[in-house]
Amino acid sequence: MEQIIATVREFDGALVVVPEPGGDFPEIAWGDAFFYYAPDGRMPRATQPYGTIVTKDHPEDSASDLDPPGRWRVNVQVGRAALPELLGGPYDLAAADMVLPHPVYGPLGWICVVNPGERTTGTVVRLLREAHEAARARAARRRS
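Per this note's numbering, the very first residue in the sequence shown carries number 16; after that it's consecutive.
Note that these hints are calculated values from the structure, not bench results.
Treat the hints with care, as some may be off.
As the list claims (entries may be wrong) - Each pair of labels, with its calculated beta carbon distance range:
#	residue 1	residue 2	range
1	G104	D55	39 to 45 Å
2	W45	G132	23 to 29 Å
3	T22	P105	28 to 34 Å
4	P105	R57	41 to 47 Å
5	E75	E145	23 to 29 Å
6	G103	W45	15 to 21 Å
7	A21	A97	22 to 28 Å
8	L123	G37	19 to 25 Å
9	G94	E17	24 to 30 Å
10	P105	A155	38 to 44 Å
By construction, the Cβ of each residue, glycine as well, lies at the ideal position given by its N, Cα and C atoms.
With these hints in hand, go ahead and build the complete structure from the sequences.
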């Protein structure tokens, strides 16, 4: 997890937000990570992150079984068009080191990987870089 966070921090214009206890974020977000394109270093108010890392089950999102120690999941917005080439099937949404549709946001073009390992870390980093570049392009279109 720390390797992926460190890699995203190196992307030009990346902002990685990792909420901790005592901050402005709700407790459910503590320990998770949110990836934005934000060259000014400020979290965008009207933009969703292009990637996240979650470290626990959420009330509406528990199919990945993230509550046991050592389990976490990276989520990446890849777009609906990219899903067919990335996904096989059928899916065990709790399987580790597999590219899967996001249990909640898959239909909106999000993939996920529980505990990326040897098979998927390179793919996850590539997809995060592509999502970062897509976020940069969207920001440029908004500015012009």
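> Per the hint of 22 to 28 Å, is the separation of the Cβ atoms of A21 and A97 within bounds?
Replying inline: holds, 25 Å
>> For the hint 24 to 30 Å, verify it against the beta carbon of G94 and that of E17.
In response: 27 Å Cβ-Cβ, so the 24 to 30 Å window holds.
>> Is 23 to 29 Å respected by the C-beta to C-beta distance linking E75 and E145?
In response: Given a distance of about 27 Å, which is inside 23 to 29 Å, the answer is holds.
>> Taking 15 to 21 Å as the stated bounds, is the beta-carbon spacing between G103 and W45 within them?
In response: violated, 34 Å
> Holds or violated: 23 to 29 Å for the Cβ distance of W45 and G132?
Replying inline: At roughly 25 Å between Cβ atoms, G132 and W45 fall inside 23 to 29 Å, so the hint holds.
> Taking the CB of T22 and the CB of P105, does the distance hold inside 28 to 34 Å?
Replying inline: holds, 30 Å
> P105 and A155, beta-carbon distance inside 38 to 44 Å?
Replying inline: For P105 and A155 the Cβ distance comes to about 39 Å; the hint holds.
> P105 and R57, beta-carbon distance inside 41 to 47 Å?
Replying inline: Once the Cβ atoms are compared, 42 Å apart, the range 41 to 47 Å for R57 and P105 holds.
> When you take the CB atoms of L123 and G37, is the distance between them in 19 to 25 Å?
Replying inline: violated, 32 Å
> So does G104 sit 39 to 45 Å from D55, Cβ to Cβ?
Replying inline: holds, 41 Å
Hints 6 and 8, counting from the list given before, are not met by this structure.
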